[in-house]
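Input sequences plus hints: build the corresponding full structure.
There are 2 protein chains.
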Amino acid sequence: MYKPVKISDLPCEAPQGLKKNDVEKEREEMADAIGEMQRLLYAEAKRSLLVIFQGMDAAGKDGTAGAVFRWCVPHGISAYSFKKPTPLELAHDFLWRAHVHTPEKGYIKIFNRSYYEDVLIQRVHRWFPEEHFELRFKAINAFEELLSFDAHTTIIKFFLNISEKRQGEKLRERLVNPKKQWKHNAGDWEERKHWGTYMACYEDVINKSVIPWHVIPADDEWYRNYCATKVVYDTLKAMDPQRPVLSAPRHD
Amino acid sequence: MYKPVKISDLPCEAPQGLKKNDVEKEREEMADAIGEMQRLLYAEAKRSLLVIFQGMDAAGKDGTAGAVFRWCVPHGISAYSFKKPTPLELAHDFLWRAHVHTPEKGYIKIFNRSYYEDVLIQRVHRWFPEEHFELRFKAINAFEELLSFDAHTTIIKFFLNISEKRQGEKLRERLVNPKKQWKHNAGDWEERKHWGTYMACYEDVINKSVIPWHVIPADDEWYRNYCATKVVYDTLKAMDPQRPVLSAPRHD
Numbered sequence: 408m409y410k411p412v413k414i415s416d417l418p419c420e421a422p423q424g425l426k427k428n429d430v431e432k433e434r435e436e437m438a439d440a441i442g443e444m445q446r447l448l449y450a451e452a453k454r455s456l457l458v459i460f461q462g463m464d465a466a467g468k469d470g471t472a473g474a475v476f477r478w479c480v481p482h483g484i485s486a487y488s489f490k491k492p493t494p495l496e497l498a499h500d501f502l503w504r505a506h507v508h509t510p511e512k513g514y515i516k517i518f519n520r521s522y523y524e525d526v527l528i529q530r531v532h533r534w535f536p537e538e539h540f541e542l543r544f545k546a547i548n549a550f551e552e553l554l555s556f557d558a559h560t561t562i563i564k565f566f567l568n569i570s571e572k573r574q575g576e577k578l579r580e581r582l583v584n585p586k587k588q589w590k591h592n593a594g595d596w597e598e599r600k601h602w603g604t605y606m607a608c609y610e611d612v613i614n615k616s617v618i619p620w621h622v623i624p625a626d627d628e629w630y631r632n633y634c635a636t637k638v639v640y641d642t643l644k645a646m647d648p649q650r651p652v653l654s655a656p657r658h659d
Numbered sequence: 408m409y410k411p412v413k414i415s416d417l418p419c420e421a422p423q424g425l426k427k428n429d430v431e432k433e434r435e436e437m438a439d440a441i442g443e444m445q446r447l448l449y450a451e452a453k454r455s456l457l458v459i460f461q462g463m464d465a466a467g468k469d470g471t472a473g474a475v476f477r478w479c480v481p482h483g484i485s486a487y488s489f490k491k492p493t494p495l496e497l498a499h500d501f502l503w504r505a506h507v508h509t510p511e512k513g514y515i516k517i518f519n520r521s522y523y524e525d526v527l528i529q530r531v532h533r534w535f536p537e538e539h540f541e542l543r544f545k546a547i548n549a550f551e552e553l554l555s556f557d558a559h560t561t562i563i564k565f566f567l568n569i570s571e572k573r574q575g576e577k578l579r580e581r582l583v584n585p586k587k588q589w590k591h592n593a594g595d596w597e598e599r600k601h602w603g604t605y606m607a608c609y610e611d612v613i614n615k616s617v618i619p620w621h622v623i624p625a626d627d628e629w630y631r632n633y634c635a636t637k638v639v640y641d642t643l644k645a646m647d648p649q650r651p652v653l654s655a656p657r658h659d
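Chains A and B, in that order, are what the protein sequence lines are. Counting in the working numbering, the first sequence runs from 408 upward without gaps. Counting in the working numbering, the second sequence runs from 408 upward without gaps.
Honestly, the hints are just simulated from the structure, not real lab data. Keep in mind the model is a prediction, meaning the values are calculated, not measured. Some hints could be false.
For identical chains, the list gives no copy identity; a pair is met inside one copy or between any two copies.
[As the list claims (entries may be wrong)] Here are the simulated DSS-like cross-link-like pairs (lysine-lysine), alpha carbons at most 27 Å apart as the crow flies:
#1 Lys453 - Lys491
#2 Lys516 - Lys545
#3 Lys491 - Lys516
#4 Lys572 - Lys516
#5 Lys453 - Lys590
#6 Lys453 - Lys490
#7 Lys413 - Lys586
#8 Lys490 - Lys512
#9 Lys577 - Lys587
Following this line, the structure appears as structure tokens:
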């Protein structure tokens, strides 16, 4: 029987006893292989990969993407960050601004946040009645199915599971560390007050998705990066992209 | 019980006995009112109208749109013609290129052809297996539902029902009339050979759509324009767009 996910049952930390050094070599080898496979995906130009990062502020969305795709080449990968919607975006359906940024064949696209914000922050703050979010969940599943069958896009969805305590430490560090002050945003402290509601909405996102989520423990950066790298590595390995060979007669 | 549409049962000509002069005044008044209501829709800026024109070559897609929206102002209306997909468009799912052109709130958008081509010409020529088109029908219905509930877009779909005989006359006229030669396209004669298959595919489009189609007799231009004008007029009348009034205190 299908058992709904409870986020509070899922770990935020690395397994006890495991150390960074235990996984570092494997992580590096996988990141290396991801770079190789990205070149093949680009050369093949038949399929694409969309990688969605969701999580509370300071969960490490950009940091994880940077580590996982460390050895990819820029001509076949790009990232798009979903900010507060513009007036033009709000004058369209909620998937409008996301659709234009979906990857073309041969490409990897990273979404830092995504259309899931429209069933998260907007739901936490009750900007629409509950029925509207039900329709959005249905629309999201149809949209992801469309990308899958018609554009041959593989979709990986990460929820970076940081604990409330660890987020507090990281937000406070942004206040005092000169290198991190540029990341500070007073709004993050406001959203933090709604932690419980956010977790309930994330649970619903995870439980209502047809394409499954990967819930990644995010309190320890090294373990978070290791887990995300492994998911992407396994996915690309299974996709097994192939460099095309000449089908025309050779001149030799 | 639901009865599937058979296109061959539906008229291509104006009803016998009816003359252009009988409907001309009403058509003109409705076109005028459409212009008025477009200004209100724009001022209201809460909803939008998407009008899709499909039909065989020379059925009169641009001509009908020109007549129906004769008195609209350009800042609130625009048309997009779907041509042969570009390589970049083909590197995405089939709805990608359509989504970006959907209307923002307050606007009327005209689609001359549309994403329905991807279940028409592509199906006639068997570019994908049949199952793929089934998935596309599902995706189209989900897409139109998304526009409806999340962007408050009303969608009007016209199939301009021209007869094979009348199309032949119009295509031949393009060969000899210097004013119409620019419209001539050798490919139209090729597609005409698949008339029966096109009609079968159009029937499927009409019968599988959740949002209904308006099948317009298109052999007589004046009657075609009258019918399409009436559908748009009735739709805008029912939408009843309102010019906003000042809610702030007046200074007088």
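Where does the structure disagree with the numbered hints, that is, which hint numbers, in rising order?
4, 5 and 7
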